[in-house]
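For reference, the chains in residue letters:
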Amino acid sequence: MAAEERKKEEKGRFIAERRYVDDQRIVEPEKLEAGGVDMSGRWGTLVLPRTIEEFDHSLFEGVKRLPRGGKVGKCWQCGNCTAVCPVAHANPMFNPRYLIHIVRMGYQAEIEKVKDYVYLCSGCGLCSAACPKDVDPQGVMIALSIAFKSGRAKGGR
Amino acid sequence: MTGTVLVVGGGPAGLRAAVDLADFGARVLLVEKRDQLGGAPVRWKYRSLAPDFTPTEEVMGPLIGFCESSPMVEVHKGSVVEGCEGSVGDFTVKVRNEADGTTTEHRVSSVIVATGFEHFDASVDPRYAYGRAPNVIGINELEAMLKEGRVVGHDGRPPKRVAFIFCVGSRDRSTNPWCCTVCCGVSIKQAIEMKQTLGDVQVYMIYMDIRTVGLWEKLYWDSMEKYGINYIRGRVGEVYYTGEKLLVKGEDTLVRGPFEVLFDMVVLAVGIEPGPGTKQAAGVLGLKLNEYGFIAPRQPNVHVDSGRDGIFLAGTCIAPMSIEETLSEGSAAAMQAAKVLKKTVAV
Ligand SMILES: Cc1cc2nc3c(=O)[nH]c(=O)nc-3n(C[C@H](O)[C@H](O)[C@H](O)COP(=O)(O)OP(=O)(O)OC[C@H]3O[C@@H](n4cnc5c(N)ncnc54)[C@H](O)[C@@H]3O)c2cc1C
Ligand code: SF4
Ligand code: SF4
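Going line by line, the protein sequences match chains V and R. The numbering used here applies: residue 1 is where the first sequence begins, and numbers increase by one. The numbering used here applies: residue 1001 is where the second sequence begins, and numbers increase by one.
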């Protein structure tokens, strides 16, 4: 675990203005060869752009097929769910409205950043009572946690 | 004294006023600048009307048919009003046929101005590449494609991914600051029709706010819930033609995310603005324009009242509005003209 932690800390340490860049956007291949020359190490560090270059709805379509995810397509991003969610008030990384949108649009780097927070959902159901579009966000959180676990989060970038 | 009412403009508002007055027993002189009655819905070949997908002919056909055939309505197409003298109850107007230059003189009891609007010309705003890149079209042009049942790009192929950009030439200091009120609903109606026509197409609505007012809201709900149309909140900064596809640059403001995504077709929700016809009619009739170039009623809450006795207003020459509102305004203006007739023509 300690080694893992260290690796995380050292990630992208050669990048000037490192604090501008999210962890998820730094790619450091263990071994990199170009034209027969070994480029491993700092020369191989890649910073992926923040710009969204693709909309990919494959994960979203998968969520729609899960038992409690079926109504997710009705969401219009009003934020009523987040407004009443006790967990969202305690931890800004958990936001049911936001989770639904990034999954809908397939923003992979964002998904990687926040997907593990989906398990913070307490299952209290306040959101589903408040949602004006009958999306059942509480159920959607369950569906999302299943989708993320089964590796379906690995759509396109 | 004369029992005739002059109606300037043969769009939905003017036609409705003419039909009501003729039904009421008045003679109508209907002057239309173009060679065709029907206004924007006929000129741009609208496939159907929001909010209920009513075929355009169902709404416009009876009005046009009536005016073309009724002995009570004298239609002057390709014509404009050139002069207007006199006062309420007895105006003398000159009507000039623009094709042959001939002028006729008529005596009328009152005047209804229904000169309508023009679509915003998107080539004025270079951001959207309209007129420079292929497959960037306006909602006005898409209507005709939908009507034909053939939605294709310049290469003849149906698009797989389409972006609608809302508020083009609306709500923007550099062009027109007002809201065109109908283009959200019209764009959504078209997105649904595009899905119905093409089936296999991804549609993205890039919007700042969705203003589907009143009962038009159903369009918005259905587009999401029944047709899986995607919504991205933001405003587009640039459309760039790569030689093959259209790169659309904007921000998804729900995630703080700038995007640059490729599309096959971009549809611009071009707004409503006052056209040269409205300016011409206002000039001849001595009516005031507001800061935007629409005709200013005496009092903004009472559209029919032009501020000049015996001259009444109806429709989009006053402000942007839908056809359902335009038609009611035509009837309301006809009522004012009827009141003048009752007072001045011997009963
Ligand atoms: C792309 C698009 C789609 C739309 N679709 C819908 C829809 O689905 N449902 C809906 O409710 N609304 C829709 N609208 C709005 C609708 O088009 C207008 O509400 C309606 O056309 C306004 O009618 P009008 O009679 O005021 O003006 P117009 O339709 O513009 O008619 C005015 C007429 O007056 C003539 N004219 C102008 N100047 C003169 C002059 N000086 N002398 C003589 N004649 C003159 C013009 O040639 C024209 O024929 C749409 C608008 C747009 C931009
Ligand atoms: S069910 Fe989960 S997402 Fe909904 S309000 Fe409760 S904790 Fe928040
Ligand atoms: S309350 Fe419902 S519609 Fe609103 S953001 Fe949450 S899930 Fe979507």
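In short, the hints are calculated from the structure, not lab data. Treat the hints with care, as some may be off.
Keeping only pairs whose Cα atoms sit at most 25 Å apart, straight-line, the calculated PhoX-like set for lysine-lysine is [said to hold, decoys possible]: (1) R:Lys1339 x R:Lys1288; (2) V:Lys11 x V:Lys31; (3) R:Lys1339 x V:Lys74; (4) R:Lys1195 x V:Lys64; (5) R:Lys1195 x R:Lys1045; (6) R:Lys1249 x R:Lys1160; (7) R:Lys1195 x R:Lys1218; (8) R:Lys1147 x R:Lys1226; (9) V:Lys74 x V:Lys133; (10) V:Lys133 x R:Lys1218; (11) R:Lys1160 x R:Lys1245; (12) R:Lys1160 x V:Lys64; (13) V:Lys149 x V:Lys64; (14) R:Lys1288 x R:Lys1094; (15) R:Lys1195 x V:Lys71; (16) V:Lys64 x R:Lys1218; (17) R:Lys1245 x V:Lys133; (18) V:Lys64 x V:Lys74; (19) R:Lys1249 x V:Lys113; (20) V:Lys71 x R:Lys1226; (21) V:Lys74 x R:Lys1226; (22) R:Lys1195 x V:Lys74; (23) V:Lys115 x V:Lys133; (24) R:Lys1195 x V:Lys133.
When the hints from earlier in the document are held up against this structure, which numbers fail?
3 and 17
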